[in-house]
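For the protein sequence lines, the chains are A, B and C, in the order given. Oh and the first sequence: position 103 is 103 in the working numbering, straight run, nothing missing. Oh and the second sequence: position 278 is 278 in the working numbering, straight run, nothing missing. Oh and the third sequence: position 216 is 216 in the working numbering, straight run, nothing missing.
It is possible that some hints are incorrect.
[Stated by the list, open to error] Taking beta-carbon pairs under 10 Å as the criterion, some of the chain C residues facing chain A (in silico):
#1 L136
#2 P151
#3 I154
#4 D156
#5 K202
[Said to hold, decoys possible] Straight-line alpha carbon distances no greater than 27 Å define the calculated BS3-like cross-link-like pairs of lysine-lysine that follow:
#6 B:K98 with C:K91
#7 C:K24 with A:K119
#8 B:K49 with C:K43
#9 B:K78 with B:K354
Just so you know, these hints were derived from the structure itself, not from any lab. As the structure is a computational prediction, the values presented were derived from the model and not from experiment. Where a beta carbon is used, it is the ideal one built from N, C-alpha and C, also for glycine.
Each chain is listed here by its residues.
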Amino acid sequence: MRVTAILNKYYPRRRYTDNESEVIFKTELPIGLRNFVSGKGRIAHPPKCIQEMYTMMACLKQAEFAENDCHKEISLFNDCNKHLNKGIQYMNVEKTLGQKEAQPGDKLIPSFQLNRLLKKFPS
Amino acid sequence: MSIFIVSKISIRFGHMRYVKENRERRKRTSYLPWRSAEVCENIKEELGKPYTQVIPKSTVKRISETNPIQHSLSDIGKFYTISEEHKKKYFQLNGFPKDFSEQTTIFNENAIMIRKPALEIIEYLKNADYTKLPIKYVISMHLHKYGRKEANISETRNGLVDLPLEGALLLKHFQLQNETLLNKLNLKTTKEYVWNQRESTKVGEPLMALVNHGLNRVRYSCDCIHGLINELKNAAINGQIKFLVAIGGFNSFYAGKTMIRMDEKYGTTTDQISIFQSFLSTLQNDWCNGAIIMTVCESTTLPKYRGSPLPFFLLRREGFETLDPFIPIQVSKLSELEFHSLLDYYEDRRWLQKIGARDELEFISCRIPAELSRYCATL
Amino acid sequence: MPLQKIIRNFRHILNKRSYSQYAKSFIRPIIKESDIQNITESKKINVLKNLNVKPPQNWESSSILNEVVLLKFTNYIMRDGKREIALTQLKKALEIIKKIQVEQYNKTTDEEERKQIILDPIRIVKQAVANCQPLLKLCPIRRGGSVYQVPVPISDTESVFRAMKWIVESSKEKEGPTPFALKLAHELLDASKNKGRVIKKKIELHRICEANRAYAHFRWG
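Sequences are here, hints too, so could you generate the full structure?
Next comes the structure, spelled out in structure tokens:
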């Protein structure tokens, strides 16, 4: 026996009333734009450094994996992957002092700079 | 006859004790949070520069006088090199401490720093009551006390244990050092030694025959040593020679336990070893025209007898009473002059790679030579 | 001791600090003497002198005995938190390296040959680690029901970690009753000359990466 059809008739899951007065408007979050943004959103990176990797591998194969012969290719590959190496962070004075601010004409602004701007000029 | 004792004294300061206590406690530690990026940058920074060897600033003070008897108090801290001929003659088998002989191969020369205790002994030997010509015999002993050795029960002397291989080594050492002198002096045996029914050494044979017999028939080497020492003592009494006995790590005679295995059992004590007994006979006050020099050191005894460098603690009552009238000589820590000349030498031989940190090294090591060499090993 | 073991395993939970002792504006102290000299000469000092500085940790010092690379190395030699044993083993290895090099130096008479010998054992350790650093790593990625070993670029910190780990592992592997410090010393000396087992291991990894280069685009998508 198929129960779902019968039950749906008596306890419908999705019911939209035609009567407007039945709809109650609740404000669970404040209406309006906030004065800050969260830094969670990430941009999907396109495939990176794949060409450099191939040239390096070809060079290494030709030189029987002796790294001294492919200095140029290896340094190019390492320069491309610089974003992996964060370096020592404790000397980052600029960030703590906030010297580096968003410049007019910047297309990509990081979240901390945006927050600084929004704090200065709240909507 | 006069007896000298040399003891190494190392003074422990506050932070040294702290290190020792920490070692005993064996504290369990977690991984130190070294920033990995810091390590990476350190490596890159160092390898970015081309390598240049460190060039020492000051030169080593060396002494030109080759005869150690002529050294005086003004020469303290200078370096005296033992020539290769002398090394081959006197120290071919043993005689140098293990660490020092290792250093001679690394530094490619045998240099010793002149220090006060050695000058003190030479001064005493010079001014002692001698009437005859100064002819020296050097016996230096270097036995491995706690290793497993081949051992036999002595046939001639009851209740004693022979170490034939060690005895043969000692005889070989004696032969290398004193062969030319013995041939020149023409010493003869005064007693007949009967080894067994066929073999014997008769009266009037040269002393070298006794040594050679011990080397050819290794079984009788310990008895040969006993005979040799008695013969030398007799010769010294007659005034034919002057007899110098040098023993390193004398306190090991009173350590008690050994690792020598007899009949598949451990338990032979140091008093039962025949070589030790024959050397103890030199300490009796029945001969003249000679001197005994011995060293006392913590590292030559069992761990339970370590803790203080003073003679009474190391020799214990038994050893102290047999030696009793003796002259103690203290080997103190390095003076400021000696400290700097030693570091100059290390830099000259390229052993020390980080120069210009002498204040710190002085503070850490308290100018104790053993500690200093331990810290310099990794720098 | 089961209870102690449990406490040790969950120490990071028990000892977890929920807040930092210092505000975010505090900067880490500069410890090396040469760094301090460089900064005092540069313009950065005008910014730095008005900032608050954290105190140094108790393992940080400007002593000559303190070397960052060596203390990092001990972390990989150490077992059961016995740091002192690990450090003594490493120091013994350094001593053996220095003995070999200095002996070679003192025996050669030719001046130009002499200058090429590296005498500093810490420099040799750094050279060995740098030579053993891999350029790529293999990352297992699941595509269409099967797992592929995909070659992926490696960060500096991870490659240093790999190099140090390989050196320690290969010096433990060798047969015979030779002590660990001796094996470690010879392994480091070999690696600094671009020879030995660890270099072979690195080349093997590069070879597999080269064979799997067709999978490289699996990283995206």
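Agreement of K98 (chain B) and K91 (chain C) with the hint, judged by alpha carbon distance not exceeding 27 Å: Holds, at roughly 20 Å.
When the least beta-carbon distance from I154 (chain C) to chain A is tested against 10 Å, hint result: Holds, because the Cβ-Cβ distance from I154 (chain C) to chain A comes to roughly 8 Å (cut-off 10 Å).
Supplied contact hint for D156 (chain C), tested at 10 Å Cβ to chain A: holds, 5 Å
Hint check, P151 (chain C) versus chain A [nearest Cβ-Cβ separation less than 10 Å]: holds, 7 Å
Given hint K354 (chain B) paired with K78 (chain B) - CA-CA distance at most 27 Å: holds, 22 Å
Hinted contact L136 (chain C) with chain A - closest CB pair below 10 Å: holds, 8 Å
Chain A contact restraint for K202 (chain C) - C-beta distance below 10 Å: holds, 8 Å
Restraint check for K24 (chain C) with K119 (chain A), where alpha carbons must lie at most 27 Å apart: holds, 19 Å
Restraint status (C-alpha distance of K49 (chain B) to K43 (chain C) at most 27 Å): holds, 24 Å
Consistency with the previously given hints is maintained throughout, with no hint failing.
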